[in-house]
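The lines below spell out each chain.
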Amino acid sequence: MGIWSCLGKDLAEVSESLRIGRSGIVFDPVRKEMGFRSALTGKVDMPDLKAELGRRQRVGMAEECFYAYAATAQAFRQAGIVEQTFLDHEVGILYGNDSSAMAVVEGVDALRRKKDTTLIGSGSIFQSMNSTVTMNLATIFRLRGINFTVSGACASGSHAIGMGYLLIKQGLQRIVLCGGAQEVNPIAFCSFDGISAFSVREQDPTRASRPFDKDRDGLVPSGGSAALVLESLSSALERGAPILAEVMGYGFSSNGLHISDPDLDGQVRALNMALKMAGMGPSDIEYINAHATSTPIGDLVEARAIDAVFGAHRPLVSSTKSMTGHECWMAGASEVVYSVLMMQGGYLAPNINFEEPDEASERLNLVSRPMDRRVDVLLSNSFGFGGTNSSLIIKRYAS
Amino acid sequence: MSTVAQREEIEARTKVFLVEEFEVQEDLILPDADMKETLALDSLDYVDLVVVIQDNFGVKLTAEDFQRIGTFQDFYEHIEQRIARA
Chain A
1 MGIWSCLGKD LAEVSESLRI GRSGIVFDPV RKEMGFRSAL TGKVDMPDLK AELGRRQRVG
61 MAEECFYAYA ATAQAFRQAG IVEQTFLDHE VGILYGNDSS AMAVVEGVDA LRRKKDTTLI
121 GSGSIFQSMN STVTMNLATI FRLRGINFTV SGACASGSHA IGMGYLLIKQ GLQRIVLCGG
181 AQEVNPIAFC SFDGISAFSV REQDPTRASR PFDKDRDGLV PSGGSAALVL ESLSSALERG
241 APILAEVMGY GFSSNGLHIS DPDLDGQVRA LNMALKMAGM GPSDIEYINA HATSTPIGDL
301 VEARAIDAVF GAHRPLVSST KSMTGHECWM AGASEVVYSV LMMQGGYLAP NINFEEPDEA
361 SERLNLVSRP MDRRVDVLLS NSFGFGGTNS SLIIKRYAS
Chain B
1 MSTVAQREEI EARTKVFLVE EFEVQEDLIL PDADMKETLA LDSLDYVDLV VVIQDNFGVK
61 LTAEDFQRIG TFQDFYEHIE QRIARA
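If you're matching them up, the sequences are chains A and B in order.
Following the working numbering, the numbering of the first sequence begins with 1 at its first residue and continues without gaps.
Following the working numbering, the numbering of the second sequence begins with 1 at its first residue and continues without gaps.
Worth flagging that the hints you see were computed from the coordinates, not collected in a lab.
Derived list of chain A stretches under chain B, where covered just means 3 residues or more per stretch with a C-beta under 8 Å from a C-beta of chain B:
id, segment
1, 55–67
2, 121–129
Chain B residues, not near chain A, derived (Cβ > 12 Å throughout):
id, residue
3, 15
4, 29
5, 83
Virtual Cβ for every residue (Gly too), placed ideally from N, Cα, C.
From just these sequences and the hints, can you work out the full model?
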């Protein structure tokens, strides 16, 4: 696995943040000057890749590609995947990404300023497409397997893992790098801010993202990148790879209703499909990393969906978005990385800022303080605009 | 600006963008060196070279212009003439 987020720049740093419940949210004065309703954001540093990548490799990379390269390189390193692996096997790549807004705007600005398309430069086209991450990384790492980007709104990263899982399960791929990436610049988020989706608790940035809390008032945007190497068990055993966990089930659904409102039935169908595919029942799930973004309606509907499916079994629940903010296209992948880190570390990250439940979250078994707990089976939810839902079930690997 | 001063300015600015933006080794940028061989650019890099030349000197070079340019010396002369005509 690999991670580059507002909680840290590698697995160890991020795990420490998760363990103690450290927030990565800050106030960004630039956003206020630009006219944002909320200037809150996750703070994500840009990796310096000059020493690792040449100019030709970097010039087509949008902001999110830099994060994705860092996360992907970490994941390949941890999995023992080296250049020879790419020659021996058709390694694939599937990333969740649903925008490259900054690159698009910069390209169009250059055209408006210079009135000559050549003077936009060669990098803009490769930075501007949603597939910027997969096209760049497949080229840099010389990947020869499946190669495309999954654009499924805030469930993009989760669907990317789900797709990789299905391809491997079908025997069509043996190794697929799955991940999610999200640009963090203001241009990427201005229209999202414009629909009043963000928390305006600007005086207290680290307490603004408060999923499931009665006083939540919106999400906090964030980003970065997360990557996971998915591999068939036989391939991983053959390579002697360190096996961290197994993907057991992938449930998906579409609400077929409102473009931004969540739907209980759609979420319940995704959860039940994931359980069915995993051959598990509600009592098998010990921990749920909730999608909960800290919006009033989103968290309410998810709490009801979790209660409807898991009821009396009451698995432990937390939303790591309380610390990270909403990592959008990346979230489905990063939250699996966060959850597996918890599984490895024998702890559960708290849902910080949860102080008082509402009528739906009072029925959940929420983790509001750091907790030492061994978890062997967990579930990660991701839901997005357009009514796209994804649930993944992950199990500790037992040799 | 005198011709000598202008030529020095063109050479200096060219070195800066080639070293900083194209990561070319500075000691390879010699007046008599073949520009295409030294830079080893692909077709996409040429687009970016057109952009930095336009940004720095206010002139836009075409593919035909590059075909006529052999050495760095040729390039400096070409830019000098284009600036003079502008």
